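J.: Residue-level listing of the chains:
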Amino acid sequence: MDEDLLLMQRVAAGDELAVGDLYDRFGSLVYRMAYQTMPTRSDAEDVVQEVFVRLWRTADRYDPKRAALVTWVMLLARRHMVDRLRRVQARVRAGALEESWSPAAAGEAPHENLETSERFESVLEKIKQLPELQQIVVKRAYLGGQTLKQIGTELGIPLGTIKSALSRALVRLRESASAEESAA
Amino acid sequence: MNTQDLLEQASLDALGLLDEQERQAFETAFRAAPPAVQSQVRREQARFAASEAMLPKVDVPAGLKFRVMAAVREAIQSFNRVETARRAEHTPFLRSLMWNSTPLWRAACIGFATATVTLAVFFSFVSERVKQIEATGTTITSIGEQAMLSPEYSTFKLNGGSIEHRFMHRVVQAAAARAVIEINPDSGEAHMIVKNLPVIGADYALVAKGARDGEYKEIAKFQALSTTNMFRADMDPEIEPGSLGILGPAVEGGTSVLIMSVG
Chain A
257 MDEDLLLMQR
267 VAAGDELAVG
277 DLYDRFGSLV
287 YRMAYQTMPT
297 RSDAEDVVQE
307 VFVRLWRTAD
317 RYDPKRAALV
327 TWVMLLARRH
337 MVDRLRRVQA
347 RVRAGALEES
357 WSPAAAGEAP
367 HENLETSERF
377 ESVLEKIKQL
387 PELQQIVVKR
397 AYLGGQTLKQ
407 IGTELGIPLG
417 TIKSALSRAL
427 VRLRESASAE
437 ESAA
Chain B
136 MNTQDLLEQA
146 SLDALGLLDE
156 QERQAFETAF
166 RAAPPAVQSQ
176 VRREQARFAA
186 SEAMLPKVDV
196 PAGLKFRVMA
206 AVREAIQSFN
216 RVETARRAEH
226 TPFLRSLMWN
236 STPLWRAACI
246 GFATATVTLA
256 VFFSFVSERV
266 KQIEATGTTI
276 TSIGEQAMLS
286 PEYSTFKLNG
296 GSIEHRFMHR
306 VVQAAAARAV
316 IEINPDSGEA
326 HMIVKNLPVI
336 GADYALVAKG
346 ARDGEYKEIA
356 KFQALSTTNM
366 FRADMDPEIE
376 PGSLGILGPA
386 VEGGTSVLIM
396 SVG
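The listed protein sequences derive, respectively, from chains A and B.
No gaps in the numbering here: position 155 of the first sequence is 411 in this note's numbering, and each next residue is one more.
No gaps in the numbering here: position 191 of the second sequence is 326 in this note's numbering, and each next residue is one more.
Rather than coming from a laboratory, the hints here were simulated on the basis of the structure.
Values in this document were obtained by computation on a predicted structure and should not be read as measured data.
Don't be surprised by glycine CBs; every beta carbon is placed ideally from N, CA and C.
Treat each hint with caution, since some may be false.
Stated by the list, open to error - Only pairs whose alpha carbons sit at most 30 Å apart, straight line, appear in this in silico DSBU-like list of lysine-lysine: (1) B/Lys-192 x A/Lys-384; (2) B/Lys-192 x A/Lys-382; (3) A/Lys-405 x A/Lys-321; (4) B/Lys-200 x A/Lys-321.
Unchecked claim - Just so you have them, the derived chain B footprint on chain A, three or more residues with Cβ under 8 Å: (5) 271–279; (6) 301–311.
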């Protein structure tokens, strides 16, 4: 049997060791995503706990034919974070990201400014290397949490064009990161 | 959605950037795609999901694993408590036996107790009535002698007579038959206690001898159901108790003979 499927079956059965294994594999990825997405470090830690509870609740629905386990985990995590941000209306403002990013302008406490810049500094550097439309779409969709339809409507650009731009941007960002890792 | 679109949107789906409608369209297209394309989409999505290109380089706080494990454990325990309570509430058969049917069981018990008391009162009343009838009623006694031929057959020989009647019925016992009858002189209602009739299950008749012609006339028919029987009959109050007799069951030849009389 598929190892990932076996792991999720154990998680679904409430096997704590399996939950520990799941955390060991994906805890770091989920936390870094949460750290980037949530307003504060504390919120990020809370949301990681919520994501793993949600993973336990939905473990019996995991289908390895549909997606690799990492895809399943990260997709669930991302959706949970976006939902949570929308509920508390505390997500990162896309407008601020599009312009010169200013944490102070976003109303964050001074001691969090450093954290905020750390969250986006590296990715913003990479994003700056993209064509203009791709930059806008990545900032609004990935970092800002806007839907593609919203972006298309606001910019007056067809949805298909937005999707293509975002897809190409993500591929370039991933390739850029891989190249950096290889060089290092 | 063609293969190119599917692959293009694979990254968007993996990163949760599609809305619900777009995601469903993607899912439908994915399931309809050939297995090779599906594999390619899965690999592409896994690469994006695991990619750290867009993520900040930060260390995971120490103790986060402990808190995550505690949160999951709490959720599991909470779920188990709710599930246990839910099962307890939805154990339909036992539950219905214990609670839903309680009024039924209670009613049955009350009914049974009531019936028991009623029967006890009834039998007590009957017993007293039998004693009263036997003490004050007119006695009808056997006018012949019964003899057992076998467990199945018996004979009945009239006292002082030469005629022997053969009862072709199962015989229970051959004890001396006796009956006591009490007649209400105002209403003509009669109650009769009959014991040890020769053949149980056979038909008998209460008869009265005519004062002028001396012929026996039937007043009521009855069937002996056990060794002691109690009957009720409506009689002419003018009938003389001393004229009463009981006809036995039909014997060989299809005739009935007087087997018991008063005096």
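J.: A separate judgement is required for each hint: does it hold in the structure or not?
T.: Each hint, compared with the structure:
no. : hint                  : in the structure
1   : B/Lys-192 x A/Lys-384 : holds (18 Å)
2   : B/Lys-192 x A/Lys-382 : holds (14 Å)
3   : A/Lys-405 x A/Lys-321 : holds (29 Å)
4   : B/Lys-200 x A/Lys-321 : holds (29 Å)
5   : 271–279               : holds (count 4)
6   : 301–311               : holds (count 6)
Comparing the model with each numbered hint stated earlier shows that all of them hold.
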